[in-house]
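Enquirer: So you can see what is in the structure, the chains are spelled out below.
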Amino acid sequence: MAGKTLYDKLWEAHGVREEPDGSTLLYIDRHLVHEVTSPQAFEGLRLAGRKPWRGDSVLAVPDHNVPTENRDQGIADPVSRIQVETLESNVTSLGLKFFPMADVRQGIVHVIGPEQGATLPGMTVVCGDSHTSTHGALGALAFGIGTSEVEHVLATQCLWQKKTKAMQIRVEGALRPGVTAKDVVLAIIGRIGTAGGTGYAIEFAGSAIRSLSIEGRMSVCNMSIEAGARAGMVAVDEKTIEYVRGKPQAPTGEMFERAAEYWRTLVSDPDAEFDAVVEMDAAEIAPQVSWGTSPEMVAPIDGRVPDPAAESDPVRAEGMQRALEYMDLKANTPMTEIRPDKVFIGSCTNSRIEDLRAAAEVVKGRKKADNIKLAMVVPGSGLVKQQAEQEGLDRIFLDAGFEWREPGCSMCLAMNADRLEPGERCASTSNRNFEGRQGQGGRTHLVSPSLAAAAAVAGHFIEPSALKEA
Amino acid sequence: MQAFTVHKGIVAPLDRSNVDTDAIIPKQYLKSVKRTGFGPNAFDDWRYLDPGEPGMDGSKRRPNPDFVLNQAPFDEATILLARKNFGCGSSREHAVWALTDFGFRAVIAPSFADIFFSNSCKNGLLPVVLAEDEVQRLFDQVEANPGAQVEVNLEEMTVTAPDGNVFDFTLDEDRRHRLLNGLDDIALTLQFADDIRAFEERQRREWPWMAEQQR
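Protein chains in written order, with our numbering: chain A, 1 to 470; chain B, 471 to 685.
Distance condition first, Cα-Cα at most 35 angstroms in a straight line; then the derived DSBU-like pairs of lysine-lysine:
#, chain 1, residue 1, chain 2, residue 2
1, A, K165, A, K247
2, A, K162, A, K51
3, A, K239, A, K4
4, B, K478, A, K165
5, A, K51, B, K504
6, A, K162, B, K592
7, A, K4, B, K592
Hint data in this document are derived by calculation from the structure and do not stem from the laboratory.
All chains should be modelled from the sequences, with the hints used to inform the complete structure.
Expert: Dropping the structure here:
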């Protein structure tokens, strides 16, 4: 009999009951909650006279709507304010753990979960947010759910799920200098497409993935959903265990060692069989820039905007043509000639301390280019912001003419005041370049933090190594 | 949940692949704390020429005459026809609520994003997967004959095209049963409360740190 995949192990450890048709009642260990996808769930619970099954599994935080400046003045937009207040009243009336906007621990839900040790290896983690796959970087089974499922987890601590197929994406070899986790995941999506992982749980493996820090692995797992997969994960190794050690909600002392012993088993067996395997050569991955309106529309920084005329599939060619029109780009334009108007460094993909360090390293001693109307850095959490300020990163950004903001989702999806105006072009470290994602009519180019920083300095896309000496 | 058995209605052809949930319901409308009222803003960026904000009076906005749902008879459509990977992107169930609030009962496409598919089934909006050539034949027929009706039958798991051709589709038995009967998921799950408690007991024994760290 073949060995087990990491996904098999996580799945089997959480099955409460299985029906003859394969539907499994899956137990959920950690339920992360934010203001946008939860109000209707809490209302449903109330109307049915139900209580949370296990309130201590919940960690709630406002992140999508919160302002990133002038927080002392509260939330100006009344509709946003009501949503954040609704979250607060829902969770406090039920006694659920909550980090309000003024708490230094507040931040993007997918940044604070691991940061607090609220998400641990071996857990099932859900949240009404598709980027919940981020937590899979710790060797957890983590996936996004809809609001009906949020209500279902609140009421029962479980979800009915069918086991999906398992895909292994193996990236082997050494990454070239200047190639980051973000480039790896964008290259993967470029290769398999935005529906390539649909119906699969993806395990990212191989020496290049193992060489990434835990934060880098989070950036990779974060974008599993952009490849169509609800869950992405990386096997536990000593880096995982050292990352978790000492986190506020992590076990301590002997209990930690006992947990770690179990966590070390959370790897795919050598003889495990996957339903699909994708192999990539790390050395072939260049820094990536997206050129279109779907995350699969990426090109290497030294490449050009592709030509729809060269595409044989007519539906695909039409999609490319539509994307080029929306993005106001001409086929065959070198990526390095594209000039953004704004730069956004942040989001659950790239707002952790290592991301900010990578961007600051590029920016240090340089200035924002004149054509960049706004370059903003939005740390993923209050604690990331604090850490960055202790390291002096805020000064580096401010001296270069960047804005240094308060934590939240911000211009990744523009639910707060941070957004693109129609026609504006943005170098963004976020995860989606859909039409209107960062503001109606806005044009998004997905990049890594170092590439975003380099674009802010040069005024066009460029490899950081090609920048003039600071 | 509204049950789904058989539905016959006008099909709106939305000839795009990778229709994402940001397109189905743009972010500014996610600020609502309600489940209803999203219909007027379904496909807002494509449907109107002026930028939309919550609370605007839809009748005073400028509809985009080129967008299919603004064209009769498709403004009365109850079945949406699209290309592959429909509903990709965010987990927002608001996308499903926007489609049902507009009046859609079913979406037909060659493939769907997983979360959207799951959300749909929980709201009585039937996602129907047909082969690409079958979808193409439906596009051909409804574009040639606007207002042509299609019947979607969940009991038989069939789609009857305007020309009388019948295409089969599948849906897993559990979802089909719940949709046919409009069942409340939570009440069904709570029948297994003892199993859930037994699981928790085992977890406390085998992985005590999981319970301990919930502070």
